[in-house]
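In this text, residue positions in the sequence shown follow our numbering: the first is 1, and each later residue adds one.
Keep in mind that the hints were calculated from the coordinates and are not lab data.
Pair by pair, the computed Cβ-Cβ distance ranges are:
{"no.": "1", "residue 1": "V45", "residue 2": "I155", "range": "28 to 34 Å"}
{"no.": "2", "residue 1": "P64", "residue 2": "A138", "range": "24 to 30 Å"}
{"no.": "3", "residue 1": "L204", "residue 2": "V71", "range": "18 to 24 Å"}
{"no.": "4", "residue 1": "R206", "residue 2": "W126", "range": "50 to 56 Å"}
Here a beta-carbon is modelled for each residue, glycine too, at the ideal position from N, C-alpha and C.
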Amino acid sequence: MAARGVLYRTTVADSWRWMRLDLLIRLAPLTIVPLIFIRLTGTPVTALGVTLAHPIRDLLVSIPLALAGFVIAAWFAEYLARRRRHWFVPDGPDLAVQSVYYLALNAPIEELFFRGFMQGGLSRWWNAPAAAVVVTTAVFGAYHLLDRWDWRPVIGATAAGLALGLIYLWQPQPPSLLTVTLVHGTITCGFLSLGPYVIYRWRLARQSLQISPEVVRK
Numbered sequence: 001m002a003a004r005g006v007l008y009r010t011t012v013a014d015s016w017r018w019m020r021l022d023l024l025i026r027l028a029p030l031t032i033v034p035l036i037f038i039r040l041t042g043t044p045v046t047a048l049g050v051t052l053a054h055p056i057r058d059l060l061v062s063i064p065l066a067l068a069g070f071v072i073a074a075w076f077a078e079y080l081a082r083r084r085r086h087w088f089v090p091d092g093p094d095l096a097v098q099s100v101y102y103l104a105l106n107a108p109i110e111e112l113f114f115r116g117f118m119q120g121g122l123s124r125w126w127n128a129p130a131a132a133v134v135v136t137t138a139v140f141g142a143y144h145l146l147d148r149w150d151w152r153p154v155i156g157a158t159a160a161g162l163a164l165g166l167i168y169l170w171q172p173q174p175p176s177l178l179t180v181t182l183v184h185g186t187i188t189c190g191f192l193s194l195g196p197y198v199i200y201r202w203r204l205a206r207q208s209l210q211i212s213p214e215v216v217r218k
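Taking the hints into account, I'd like the entire structure generated from these sequences.
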């Protein structure tokens with residue numbers, strides 16, 4: 001069945017307009033808060049998961065989880081696009097820029113704050129790891145409301161947060177952010193950049209995407 005709707009091809013200029021604000025308003029505070037905590041309390045960075053204690057194990061675990069997360073996120077993005085009849089697909093250069101942003105900045109910073117700082121801190125404070133996962137997952141999901149997402153993608157983000165919280169919980173000691181960061185970055189790419197791009201190219205090749213091409217400058 002052919003998908004019908006409007007296609008928005010985003011460019012590097014489009015992405016830079018929101019990235020420069022995102023860096024200042026969202027990612028900078030998420031980075032600064034854990035650093036201030038470390039400075040004031042003398043907590044070692046390893047307590048926040050900044051360690052390569054078991055890298056081979058982490059990489060091996062990351063591969064199947066990242067692939068599964070990517071497929072699910074790409075499918076969910078396509079489901080939402082079909083409901084809205086709007087597809088947001090980066091062009092080639094923007095695909096590279098967005099993917100690097102999600103993998104090298106967004107995922108490491110969010111994981112440092114939510115899993116390393118919040119989940120790890122609550123787990124040590126309450127001595128209740130499961131409760132820490134639940135609270136951190138709820139905060140992580142609600143935090144996406146700040147970007148004015150509607151309830152469907154927020155539920156998706158909350159489900160991803162729960163999976164990441166459990167991955168971070170169920171690992172050898174000392175905990176490391178490596179696996180959750182790789183999985184998180186891959187999920188985000190599947191949902192926002194590479195996933196929509198791959199599905200768009202696949203449907204275009206099969207001539208199963210009937211769209212009104214339109215370039216949007218935001």
